[in-house]
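Heads up: the protein sequence lines correspond to chains A and B, in order.
Here numbering that gives the first Met the number 0 is used: position 171 in the first sequence is 170, and no number is missing along the way.
Here numbering that gives the first Met the number 0 is used: position 42 in the second sequence is 41, and no number is missing along the way.
There could be a bad hint or two in this list.
Copies of one chain are not kept apart here, so a pair can be met inside one copy or by any two copies together.
Lysine-lysine pairs mimicking BS3-like chemistry, simulated, CA-CA at most 27 angstroms apart [claimed, not checked]:
id	residue 1	residue 2
1	Lys116	Lys198
2	Lys40	Lys17
3	Lys7	Lys17
4	Lys172	Lys198
5	Lys7	Lys40
6	Lys29	Lys116
To be clear, the hints were calculated from the coordinates, so they are not data collected in a lab.
The structure presented is a predicted model; accordingly, all values stated were derived computationally and were not measured.
There are 2 protein chains.
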Amino acid sequence: MDTVNSIKNDSYTEVMLKRQSVRQFQPDVKIPREELMELLKEATTSPSACNLQSWHFVVCDDEAGKQKAHSLVMPFNFPQTDTCSAIVFVLGDTQSHEKYRDVWNKMCADGRITPEKRDEVFQTFLPLYEHADREFLVKDSTIDASMVSMQFLLAARAHGYEANPLAGYNAAKIATTFGLDEKRYVPVMAIAIGKPAEKPIDSIRYDVADLTDFA
Amino acid sequence: MDTVNSIKNDSYTEVMLKRQSVRQFQPDVKIPREELMELLKEATTSPSACNLQSWHFVVCDDEAGKQKAHSLVMPFNFPQTDTCSAIVFVLGDTQSHEKYRDVWNKMCADGRITPEKRDEVFQTFLPLYEHADREFLVKDSTIDASMVSMQFLLAARAHGYEANPLAGYNAAKIATTFGLDEKRYVPVMAIAIGKPAEKPIDSIRYDVADLTDFA
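Required output: the full structure, derived from the provided sequences and hints.
Pasting the structure below:
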């Protein structure tokens, strides 16, 4: 699938500045798996610490998957979970550094970086992760997974859908429900996506001046 | 300042899908504070758990601020810190719920939601935060701060700048260096912004199919 051709709305202003959370979707709308993968591909252009890409996705887009999602979310999130086209659980991968050498070796083989730059990366950053404590790995992968989630929300709008990020679910059961190693994968967010069936709440923000210091 | 008029590049494809991290900036470029605030305003259209907006910004854009930033980052981040127009430290606010009633009362006063909806929000979510342990509050504010950071990176490009998110800094000294309560504010990321002086590394991503399960 060509990236640009599947984009319905190519405006930054429309996609980012006018995004709102939608919690009621048209229940009969299906999103093809090819397009869901395209949305994830666009989302994963987000940066990550040392390009570790410490994220993992579980997509619930059929009856069986939706039932699992329903069993995990809190009741106040039933409306979006039960009407969306798909709900994507985004998890942080605390062991992404185990395949770290692969991505940089490939970049080197492709001529994007020199062997010296690759070795510098390995020597500078790899020990930080290999010797890191769990708190460090959880924080890093939570940040990566949050950033890719933000871009997924925007990709949804660019493709003509709306979305809702939600945190109200039984985090302790996510990994085991989906057959994932619960030590390795930390739940960060779930995102319901579909065609809107409501006008969302026009939420407000604090004045940024009240949240900003100049050093 | 009108939001749309200051945007130089209004394409989702250009802004999001072609973003790369830039680590060398043109050192003489200044970004007006009005525009930095506009960038932050655009970034804060990001969602947050219960709309708590658990983020806080410290902007270093003059000699004194840049020196503080330099004293905090690790040496491998000196190039972008020392050449950028500004570096923004993004922190999570673990006590954002203390002003939680204000934002929903204002939405109610503005007629955006009913008093019943406001009271439902207060009764459902406020106790979760008022009785939350520190780990919960840190995680929630880290996610919020990461999402707003992602949007700041995109806002930078929309305004004709480039940026680099960085995690290599002395996290334990951030709050005290900037006179902030270190219990309340948790460092999440720093972002250098400016006009690029290099062609960035053309980094690669894993195939999303390898990172995605269908439930």
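Structure-based check of all given hints:
In this assembly of identical chains, the alpha carbons of Lys116 and Lys198 lie at most 27 angstroms apart only when taken from different copies (15 angstroms versus 50 angstroms within one copy). In this homomeric assembly, Lys40 and Lys17 come within 27 angstroms of each other (Cα to Cα) both inside a single copy, at 22 angstroms, and across copies, at 13 angstroms. Taking the closest pair of Cα atoms, Lys7 and Lys17 come within 27 angstroms of each other both inside a single copy (15 angstroms) and across two copies (17 angstroms). Proximity of Lys172 to Lys198 under the C-alpha cut-off of 27 angstroms is found in neither arrangement, the shortest distances being 32 angstroms within a copy and 44 angstroms between copies.
Taking the shortest Cα distances, Lys7 and Lys40 sit within 27 angstroms of each other both inside one copy (16 angstroms) and across copies (25 angstroms). With identical chains, the CA atoms of Lys29 and Lys116 are never at most 27 angstroms apart, being 45 angstroms at best within one copy and 31 angstroms at best between copies.
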